[in-house]
Amino acid sequence: MKFGIVSRMAESMFPYHGWPTVCRDDDGVLYVGASAFRLGHLCAYGKNVLFLSRDGGESWSCPRVINDDALDDRDVGLCSLGKKKILATWFAHPYEHYKLERMQKWINDAHPSVRNIARDMIEGWSLLSPERVDYDGAFCKVSEDGGETWSERRVTPVTSPHGPTMLRSGKLFYLGKERGNGVIHGDGAIKAYESEDEGRTWKYLSTVKFPECCGENNMHEPYATELEDGSILGMIRAQGEEIADALGEMNDDLKKYKFTMFKTFSRDGGRSWTDPEPMGFLGAPPHMLLHSSGAIILTYSRRKVGTQGIFARVSRDGGVTFGEETLIGPEAYIWDQGYPSTVELDGGSLLTVYYQRYEDDPFCSVLYTKWTFDEIK
932 MKFGIVSRMA ESMFPYHGWP TVCRDDDGVL YVGASAFRLG HLCAYGKNVL FLSRDGGESW
992 SCPRVINDDA LDDRDVGLCS LGKKKILATW FAHPYEHYKL ERMQKWINDA HPSVRNIARD
1052 MIEGWSLLSP ERVDYDGAFC KVSEDGGETW SERRVTPVTS PHGPTMLRSG KLFYLGKERG
1112 NGVIHGDGAI KAYESEDEGR TWKYLSTVKF PECCGENNMH EPYATELEDG SILGMIRAQG
1172 EEIADALGEM NDDLKKYKFT MFKTFSRDGG RSWTDPEPMG FLGAPPHMLL HSSGAIILTY
1232 SRRKVGTQGI FARVSRDGGV TFGEETLIGP EAYIWDQGYP STVELDGGSL LTVYYQRYED
1292 DPFCSVLYTK WTFDEIK
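For what it's worth, our numbering labels the leading residue of the sequence shown as 932, then goes sequentially.
Derived from the structure by calculation, the hints contain no laboratory data.
The beta-carbon is built from N, C-alpha and C at its ideal position, and this holds for glycine as well.
One should not assume that every hint holds.
Said to hold, decoys possible - What follows is a list of derived Cβ distance ranges for each label pair:
#1 933 to 1211: 42 to 52 Å
#2 942 to 1255: 24 to 34 Å
#3 1147 to 1047: 34 to 44 Å
#4 935 to 1171: 26 to 36 Å
#5 957 to 1056: 34 to 44 Å
Based on the provided sequences and hints, a complete structural model is requested.
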């Protein structure tokens, strides 16, 4: 395995990166989107940025800012639409999510050199017009020239860290978290939508039925991928005390940490789903890649003290079972890391991108691992 850096800003006043996604266009150019130029994990001022690599991930461009709104632009999902077209997704919490109890947390998280700036920025909100701070929601935009220019912002009905996927039919398929009560990742169902016009409009397909013990506050950050037989495999991050009943007789770690994924299948293009079933191991949120070999590559993060980092498993039976896990990144120092996504490179090798602290940095960077099937169990 080879570990590397997509972006590290250790000397910057705004060094924190988070929640990246990687995709590859028809010419082999790699794109990584992330939320960067942040004060920390909780920060209202993150920007969506794009990094490019034209040499298979060996080197990366400087960040290009693709969104910089009044509130925090988070969780960049990327999807290649063919040729040089790329779709980017992101979301923003509403103003009320930030303005009171989280203010001091941002200031405490910030580097000492910018804490006064952080206070001034927060106070400056009172001077903004309502339309500047009331745009919260989930969005997408499209670039037709490899990230040089972008379309207008388009509203999406759901959100997910890694965004939608392209089906072989040419439709965009989005399994995501519906916004509820004005807060995205709070209440809200997991729903499936499709788009035939590159995200301008979305057609509702279905809602995933949760296990009886689980509520909308337990199930988050889904992802879906189309399999060789045309069925769709969906996975959902699951957490909280309430999921214990659904886990059944599973290992002690899973019962203690209550942080896992549930999987579900659709055999009719997302119009109905099998009952979600727990994966049986720690880790989330999910990303799946259908490899040219037919195998499914699942990558996720684990946040158990002593074994934190980025892990991969492989399924060779269409997602029915997954093999043993393998650590595919440096061991993480703290829980604040993860959100891996993976693309296939020339020759069938793999590149996985994630966010994590680099060695003893106090803030997170965007890192990558290059690896092959031969290096996992």
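Against the structure, the hints come out as follows:
1. 933 to 1211: 42 to 52 Å: violated (30 Å)
2. 942 to 1255: 24 to 34 Å: At roughly 40 Å between Cβ atoms, residue 1255 and residue 942 fall outside 24 to 34 Å, so the hint is violated.
3. 1147 to 1047: 34 to 44 Å: At 39 Å between Cβs, range holds.
4. 935 to 1171: 26 to 36 Å: holds (35 Å)
5. 957 to 1056: 34 to 44 Å: Given range 34 to 44 Å: holds, Cβ gap about 42 Å.
Of the hints listed earlier, those the structure fails to meet are numbers 1, 2, in rising order.
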